[in-house]
Amino acid sequence: MEFLLSKYNYWLYTLIMMIGLYGMLAKNNLVKKIISMGIFQTGIIVFYVSIGAKSGGTIPIIEHGQGAAHGIINPANYVNPLPHVLMLTAIVVSVGTLGVALALALRLYTEYNTLHEDEIIERINQGEGGSDD
Amino acid sequence: MIDPGQLPILIVIIPLFGAFAVSLAGCCLSKRWCLPLTVLALAGSGWAALATLNQVIARGPLNYRLGGWPPPMGIEYVVDHLNGLVLVVITVVALLAAVASKRSVEAEMPNRINLYYPLYLLLVTGLLGMTITGDAFNLYVLLEISALTTYALIAVGRVRALHAGFNYLILGTIGASLYLLGVGHLYIMTGSLNMADLAVILPDLYNSPAVLTGFILILVGIWTKMAFFPLHTWLPNSYTYAPDATSCLIAPLMTKVSVYIMLRMMFSLFTPAYVFHHLEVAAPIVWLAAAAIVGGSLLALTQKDFKKMLTYLIVAEVGYMVGGAWLANRYGITGAILHILNDALMTLCLFLAAAAIIYKVGGRKLADLKGIFHRMPLTMAAFMVGALSMIGVPPTAGFFSKWYLILGGIQAGRWEFVAALLFSSLVNAVIFFRIVEIGFFEKPESGEVAEAPLSMLVPLLLVAVSLVVIGIYSGEIVTTIIQHAVPEGI
Chain A
1 MEFLLSKYNY WLYTLIMMIG LYGMLAKNNL VKKIISMGIF QTGIIVFYVS IGAKSGGTIP
61 IIEHGQGAAH GIINPANYVN PLPHVLMLTA IVVSVGTLGV ALALALRLYT EYNTLHEDEI
121 IERINQGEGG SDD
Chain B
1001 MIDPGQLPIL IVIIPLFGAF AVSLAGCCLS KRWCLPLTVL ALAGSGWAAL ATLNQVIARG
1061 PLNYRLGGWP PPMGIEYVVD HLNGLVLVVI TVVALLAAVA SKRSVEAEMP NRINLYYPLY
1121 LLLVTGLLGM TITGDAFNLY VLLEISALTT YALIAVGRVR ALHAGFNYLI LGTIGASLYL
1181 LGVGHLYIMT GSLNMADLAV ILPDLYNSPA VLTGFILILV GIWTKMAFFP LHTWLPNSYT
1241 YAPDATSCLI APLMTKVSVY IMLRMMFSLF TPAYVFHHLE VAAPIVWLAA AAIVGGSLLA
1301 LTQKDFKKML TYLIVAEVGY MVGGAWLANR YGITGAILHI LNDALMTLCL FLAAAAIIYK
1361 VGGRKLADLK GIFHRMPLTM AAFMVGALSM IGVPPTAGFF SKWYLILGGI QAGRWEFVAA
1421 LLFSSLVNAV IFFRIVEIGF FEKPESGEVA EAPLSMLVPL LLVAVSLVVI GIYSGEIVTT
1481 IIQHAVPEGI
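Line by line, the protein sequences give chains A and B. Heads up: the first sequence begins at 1 in our numbering, then just goes up one per residue. Heads up: the second sequence begins at 1001 in our numbering, then just goes up one per residue.
Hints were generated in silico from the structure; no laboratory data involved. Hints may contain errors.
What the hints assert, rightly or not - Each pair of labels, with its calculated beta carbon distance range: (1) B:G1363 x A:A53: 31 to 41 Å; (2) B:E1280 x A:I62: 41 to 51 Å; (3) A:M18 x B:C1028: 24 to 34 Å; (4) A:G56 x B:L1029: 53 to 63 Å; (5) B:G1068 x A:P60: 15 to 25 Å; (6) B:E1280 x A:P60: 40 to 50 Å.
Heads up, the beta-carbon is just placed ideally off N, CA and C, and yes, glycines get one too.
I would like the entire structure built from these sequences, with the hints used as guidance.
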């Protein structure tokens, strides 16, 4: 129990990630796959954000930092900002991926009139919408 | 004259700004400017890559600090013998593929030329950045840049490519996310993202399960990206149905750059001692590689569509390189690195020939190849050089890397890997002989010679010649470049 509670952030991110992974691989609807992809990536973002946290830590902004603060700064009082900044980049990447995925899903929908993957595969095998190959 | 210290950044910056320039030229001037500007940007980048490799050979590894920030706080570019070679391969392949793409892009997507070439350059930028960077997180960002542009470049073509592209997007995202997660694990333990810095801190933490988890996550993430058997399922369809110009670019490069990333992670981030001796995973991985080679070859044999057949050969070739790297001896790793160079060129040769055939004949079935040797003699001559190299016939380049891999397999006593290599050579011989049989002996429907346009033929013949030249000089390449790239302590 102690083991579970003391590392709860890792259990949580693993759970979120696995839900997303399951959806990406097992769901049939393309939009559900895309939503699962978002959940999967969010799991990793939660992981990174949680590793920067410190108990009792505050936001990493030093008051009157520019030349005014002559006192010694104790890093233990501030959360680690680096993982958070990294995740800004990862969020941008996931937005980009989401955009491309939605564009592809939209094109698939206009070509095949469905978002269900098994129906799309069926139509591909029947040679519909694939007349150009 | 340009300060030689600035060369590493130029390799990446030229195609990046080239992409914006092409985009601007496409909407403000005319679409005719897109391809010349793309070729110009790639030529500039290629020049910078060659000059950098020259410097590395003369003076040893180079470091470039972005914005002057010292590592490990800032991001640095590091060029050593290994990635110096890979950078040259990327720019040369991208340049030749761009020249050859002119007609097939005009034929397949006449309205999207101004959108296609900026993406093409951004993809090359991503690949070059992944190769040159010395920062593990920076690598992730560039990995995603190259992946996002690849999804678009695949799906821009035939309708059939949409579903393949979507599948690739899902699996590619899983791969890249696993890599990111692995880097996160290493970051928790070390507090650093700079590869050189990580290499210094990690040896004290080799017993930590978090470091092990990080390493495994990174490895599996990269394997998904490189289509290592059995994670290869996304590759054949997306490479087959992609526009021919896209296949000529991504088929030679994406998997090879991923193999480079794997080598970088194994030997620069971690040490051979940790990877081969501390973890007891080398044996199963070589078995998997042997399975990849056998599986890829057999699946290639069953295809009726020759472009799809070539994509399964890529799956087998990935097995060659991963297996060679995990043989844990000098021959195997030399073979794997030499094979990055050789396989990029022979895959390019085969795909350029396939693009030329599809452009002229209009079909991708093996049955469409009847009499092709009489109709397109020069294209098929080049195709056969690529095929011989794939089979591993001297003096083509493919023979020498396969030779090193087999020597490595024998030295390590990994007979399953040696057997798989010999089996795959045999199957490749059957596959290509079948093309000779159909193309040479079966009667064509129309007898006249209809050779591919010059813009396709010239790059194709250049690659074919280079396969022989590199084969002849492969001893020099190994002594001047590759032997310095093999990690110490093996």
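Verification of the hints:
no.	hint	in the structure
1	B:G1363 x A:A53: 31 to 41 Å	violated, 59 Å
2	B:E1280 x A:I62: 41 to 51 Å	holds, 48 Å
3	A:M18 x B:C1028: 24 to 34 Å	violated, 49 Å
4	A:G56 x B:L1029: 53 to 63 Å	holds, 60 Å
5	B:G1068 x A:P60: 15 to 25 Å	holds, 24 Å
6	B:E1280 x A:P60: 40 to 50 Å	holds, 42 Å
Checked against the numbered hints given earlier, the structure breaks hints 1, 3 and satisfies all the rest.
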